[in-house]
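> Knowing the structure of chain A, use the given hints to seat chain B on it.
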Amino acid sequence: MGRLPYSNYQRAFLHTLFFSLFLFVSNESYGVEFSWNGFGSLYAIQPLQSDIYLTQPETLGHTNFVDGSHLGLNVASDLGAGWSARLQLLASGETLPVGSRPDWKLTADWFYVTYNPFEGLKLSVGRQIFPNWLVSEVIDVGFLYPWRKPPRLVYSIAPFKSFNGLQVEYRHLLGGGLSVIGSLFGGNEKMSATLSDGTEVHIDINNLVGATVVLEGDGWKVRGMLARKEEQGHAATGLFSVSGPIGRPILSDNSAHTIACTLGGRYDKNNIVAYAEGGIKRGSNSTIVANTGQPFLHSQTGGYGSVGYRLGKFLPWLMYAYGDWTLGIAGGNGKAQVKSVGVDYRLADSVVLKAQLDNQISENDTMGLSRTGTANTISVGLDAIF
Amino acid sequence: MGKAVRGTFICAMFCLLPQLFPVVFAAADPILVVANPSLKTQLNKEDLKEIFLGNKTMVDSRRVIPVDQARTSKLRKEFYQFLVGKSPVEMNVYWAEQIFSGKARIPSVVPDDQAVIQYVSSNSDAIGYVSRSADTKNVTVLMLLQ
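The listed protein sequences derive, respectively, from chains A and B.
First residue of the first sequence: 1, per the numbering used here; consecutive thereafter.
First residue of the second sequence: 1001, per the numbering used here; consecutive thereafter.
In short, the hints are calculated from the structure, not lab data.
Built from N, CA and C at the ideal position, the CB exists for glycine as well.
Treat the hints with caution; some may be incorrect.
[Claimed, not checked] Pairwise CB distance ranges, derived in the manner of DEER restraints:
#1 B:1124 / A:271: 40 to 46 angstroms
#2 A:182 / B:1122: 45 to 51 angstroms
#3 B:1124 / A:159: 47 to 53 angstroms
#4 B:1061 / A:316: 44 to 50 angstroms
#5 A:46 / B:1062: 55 to 61 angstroms
#6 A:386 / B:1122: 28 to 34 angstroms
#7 A:192 / B:1058: 42 to 48 angstroms
#8 B:1144 / A:105: 51 to 57 angstroms
#9 B:1108 / A:217: 26 to 32 angstroms
#10 A:215 / B:1074: 30 to 36 angstroms
#11 B:1122 / A:259: 17 to 23 angstroms
[Claimed, not checked] To spell it out: a stretch of chain B is covered by chain A in this simulated footprint if at least three of its residues, at any positions, have a beta carbon under 8 angstroms from a beta carbon of chain A; those stretches are:
#12 1048-1061
#13 1089-1099
The shape of chain A in the complex, shown without the other chains:
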């Protein structure tokens, strides 16, 4: 049975309606106060050649409005006695194979409760952001970084952005505007991935544990992260060529794991806006996908550097990103680099207009990050907060 076109609009509307009703009742009946903030992005992405690739909507061969556009709502509430709650909803375009109708989905990226027993210490429980990168915490708020999106080649090292679990964070003010923030986190997540043959794979991420350290001063920040997670995959649609029937685990060993490490810094001062980040992920080689001889988990490295200079309301910038990976499920290796140039124009205090040109060169790609060869795209759009 085919899916109804744009069916998720109805679902998104109903969820929003129920959520608004919940807030209204909480406010009216219990006097709980909420603060609301929103963000949104609207983009048009045009490939500069007709070649296509299945899983990258930018290169579908026609103008795409879905991939870069979304609308988010952040709701925070102070519950008293050191407790607070936070929710972030995101309505965004869904990445679908060629030929599918574009649709929208509504997700709760965050939904957690925080306890602040004393100055600097926070304990958070619930669904929260996976703090893999510099921009992870604001990854959908395009207003806060120069580019349309953080570089996919690098950020795909962490293929999910939220997890369900616990996080403990401690911030210590060092004086002179310096502070150091350390955090420990742990939890689980479920995610889906669509392979290039259209097979949908569900992956359970278990026993995720990690730590971050951030040092920040006036206009700059340096951070590092180390995390370990276990993964198990299942074919969800069709016959997964290397696994067998639908839903059957494709692993013969549940102890498959990856270790990821990231390091990055940002400088935003004296009109200079610079970012540099790198990451490395290594999968365990002991786990072999049934019948293939391939390791299940892939290894990946990537990095990028970006520099811009503010000229009044304009921010012209340049970025270089690269990625290098080996893929376990479908086999094969890949390597790609992206050179981007863009300019941002601050239309108002809370609105930025952006234009960006990307040139991506890929070798032997089997991961769906881009087509093999050269792909050029131009994108124009708006990022706003409200």
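Positioned in the frame of chain A, the structure of chain B alone reads:
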């Protein structure tokens, strides 16, 4: 002729400097930092900065709640420029990052000096800033920023 051109150029640069560097040349009036009379504490500029940046929520084991003036207020602009060295646009970006990363909540905003005094005098944890001409008889002046 050359000297005249150079003299004109130097005069023009002197006239333009206040436009190029308004903060340095601004004749800023003193700003009073006020708190509820029950909040008896000594604050330094660094403490105040961390409070108004949302990084410090406790002073002497007691909660403090900063209150801001309207976004378009000249006093607010001067306050943050003096305290943090950031323009209103930069503060807007700073707060957006704090809010959307879940780190801090933006301070409550009231329209003017009178509203700050009213808010601070009726809220035992509140701390705010007003211009020197404000009537401060119902609040405690913690600091004079000049």
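> Now look at each hint and say whether the structure bears it out.
Here's how the hints hold up against the structure:
1. B:1124 / A:271: 40 to 46 angstroms: 42 angstroms, holds
2. A:182 / B:1122: 45 to 51 angstroms: 38 angstroms, violated
3. B:1124 / A:159: 47 to 53 angstroms: 48 angstroms, holds
4. B:1061 / A:316: 44 to 50 angstroms: Holds, at about 49 angstroms.
5. A:46 / B:1062: 55 to 61 angstroms: 57 angstroms, holds
6. A:386 / B:1122: 28 to 34 angstroms: At 29 angstroms between Cβs, range holds.
7. A:192 / B:1058: 42 to 48 angstroms: With Cβ atoms ~43 angstroms apart, the hint holds.
8. B:1144 / A:105: 51 to 57 angstroms: Given about 54 angstroms between the Cβ atoms, the range holds.
9. B:1108 / A:217: 26 to 32 angstroms: Taking Cβ atoms as reference, residue 1108 of chain B and residue 217 of chain A lie about 28 angstroms apart, which means the hint holds.
10. A:215 / B:1074: 30 to 36 angstroms: 35 angstroms, holds
11. B:1122 / A:259: 17 to 23 angstroms: 54 angstroms, violated
12. 1048-1061: holds (count 6)
13. 1089-1099: holds (count 6)
This entry does not satisfy hints 2, 11, going by the numbered hints stated previously.
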